[in-house]
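J.: Next come the chains, spelled out residue by residue.
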Amino acid sequence: MIASIGLILLCQLAGEVIARGLGLPLPSPVLGLLLLFVLLVARDYIKPLARGPLGNGGVEEASKGMLAHLSLLFVPAGVGVIQQLDMITAHGVAIMLVLAGSVLITLVVTVVTFVVVARLLSMWVPR
Amino acid sequence: MNADPFSLWVYLSQTPLLWLTVTLLVYAATDAVSQATGRNPLVNPVLHAMWIIGVFLWATGTSYTTYFGGAQFVHFLLGPATVALAVPLYENRKLVLAAILPMALALVVGCVTAIVSVVWLAQLAGLPETVVLSLAPKSVTAGVAMGISESLRGDPSLTAVAVILTGILGAIIVSPLMNRLGIRDYRARGFAVGLASHGIGTARAFQVDAIAGVFAGIAMSLNALITALLVPVLVTLLVR
Chain A
1 MIASIGLILL CQLAGEVIAR GLGLPLPSPV LGLLLLFVLL VARDYIKPLA
51 RGPLGNGGVE EASKGMLAHL SLLFVPAGVG VIQQLDMITA HGVAIMLVLA
101 GSVLITLVVT VVTFVVVARL LSMWVPR
Chain B
1001 MNADPFSLWV YLSQTPLLWL TVTLLVYAAT DAVSQATGRN PLVNPVLHAM
1051 WIIGVFLWAT GTSYTTYFGG AQFVHFLLGP ATVALAVPLY ENRKLVLAAI
1101 LPMALALVVG CVTAIVSVVW LAQLAGLPET VVLSLAPKSV TAGVAMGISE
1151 SLRGDPSLTA VAVILTGILG AIIVSPLMNR LGIRDYRARG FAVGLASHGI
1201 GTARAFQVDA IAGVFAGIAM SLNALITALL VPVLVTLLVR
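From first to last, the protein sequence lines are chains A and B. Read in the numbering used here, the first sequence has 41 at position 41, and its numbers run on one by one without any break. Read in the numbering used here, the second sequence has 1100 at position 100, and its numbers run on one by one without any break.
Worth flagging that the hints you see were computed from the coordinates, not collected in a lab. Here the structure is a predicted model, which is why all the values come from computation and not from measurement. Honestly, I wouldn't trust all of these hints.
[Claimed, not checked] Straight-line alpha carbon distances no greater than 25 Å define the calculated SDA-like cross-link-like pairs of lysine to any residue that follow:
#1 K64/A x V93/A
#2 K1094/B x A50/A
#3 K47/A x V108/A
#4 K64/A x H1075/B
[Stated by the list, open to error] Here are some of the chain B residues that sit facing chain A, going by a computed Cβ distance under 10 Å:
#5 D1031
#6 V1033
#7 Y1067
#8 A1104
#9 V1118
[Claimed, not checked] Now the in silico label distances, taken between C-beta atoms and shown as ranges:
#10 G52/A x W1120/B: 25 to 33 Å
#11 S1151/B x D44/A: 35 to 43 Å
#12 K47/A x R1093/B: 14 to 22 Å
#13 T1130/B x L24/A: 24 to 32 Å
#14 M96/A x L1237/B: 23 to 31 Å
#15 D44/A x D1209/B: 36 to 44 Å
Ideal Cβ placement from N, Cα and C applies to all residues, glycine included.
Modelling step: build the complete structure from the supplied sequences, incorporating the hints.
T.: Right, here's the structure in full:
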């Protein structure tokens, strides 16, 4: 448990070092995600890696535990919105409508692109 | 026992313990209600925990800074939770690899749509330029979006507000919208909500379907990468 959380933090830390060190405009958790993914894949090929948190599903369990409560992690930042409401009162309604419209358009365009490309591919590549 | 209950309150209201406890208990309650309604999109646990805690802070005259002193321990876990997305990604790697082309195209098209639509709509609504710039990166996770906003000379705190609202709006809209469009492919549904509404959309996707959650997590991560590259370019083209 502790080692698994340690490994997750270590991946993020390494991501931070890489992003800062190379001056990359990439968020460190995303680099950490890539690192942990590479470790998990490498474990399948390099047997000695499969020990500790990578051994018996430790890091898997810790990760799933964290992801099961992903919503909770947005609450502190969300409360910040309530505190800043006076700042957006001037344009509050307009901002809400603009955001809602943009989210709606983005969802439709993205999902349609995905579905259309997936269908075209399955027509070209018969299973 | 303290003789004066008021001085005990003054003490407790300044400790991280109280606000961490409030955050966890209020969320546990809103999440239980959300579960009891079969994850009805309108009973979004983040949205309702937000305003309940907000009212609580207002009623007790507590500043957000004091509250965050306790809540920061939860907030901190956002980074590690993003790293943890590697696990479902690894477990579903075959499924993900098989959908690599639809994902790549949906990513580029969706990312451009997210930026262009919000800038155009904001200009149409006659919002001032600082607001337009601050809204542009609203579809990516707060940390990244605030950095982009700053480099555009927007207002990072307004961007943070826009990011949270975008997340909640997407989480509420996505299920009814996809059902109405008749889209049953949970890979596509998850990918769209992760791209449009970052982590809050991803959290919603995980509540609905494990595969949707995986694809939402991928979309969120990739969108954070390419939005950082595309926003400056598109904004200079659009905002004149």
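J.: Each hint: holds or not?
T.: Each hint, compared with the structure:
1. K64/A x V93/A: Violated, at roughly 38 Å.
2. K1094/B x A50/A: 21 Å, holds
3. K47/A x V108/A: 44 Å, violated
4. K64/A x H1075/B: Status holds; Cα separation ~18 Å.
5. D1031: D1031/B check passes; min Cβ-Cβ to chain A is 7 Å, inside 10 Å.
6. V1033: Violated: closest Cβ of chain A sits about 13 Å from V1033/B, beyond 10 Å.
7. Y1067: OK, holds: Y1067/B within 10 Å of chain A, min 6 Å.
8. A1104: Holds - the Cβ of A1104/B comes within 10 Å of chain A, reaching about 9 Å at its closest.
9. V1118: 4 Å, holds
10. G52/A x W1120/B: 25 to 33 Å: 51 Å, violated
11. S1151/B x D44/A: 35 to 43 Å: At roughly 40 Å between Cβ atoms, D44/A and S1151/B fall inside 35 to 43 Å, so the hint holds.
12. K47/A x R1093/B: 14 to 22 Å: Holds: the Cβ-Cβ distance is about 19 Å, inside 14 to 22 Å.
13. T1130/B x L24/A: 24 to 32 Å: Given a distance of about 28 Å, which is inside 24 to 32 Å, the answer is holds.
14. M96/A x L1237/B: 23 to 31 Å: 26 Å, holds
15. D44/A x D1209/B: 36 to 44 Å: 26 Å, violated
Violation of the numbered hints given earlier is confined to hints 1, 3, 6, 10, 15; the remaining hints are satisfied by the structure.
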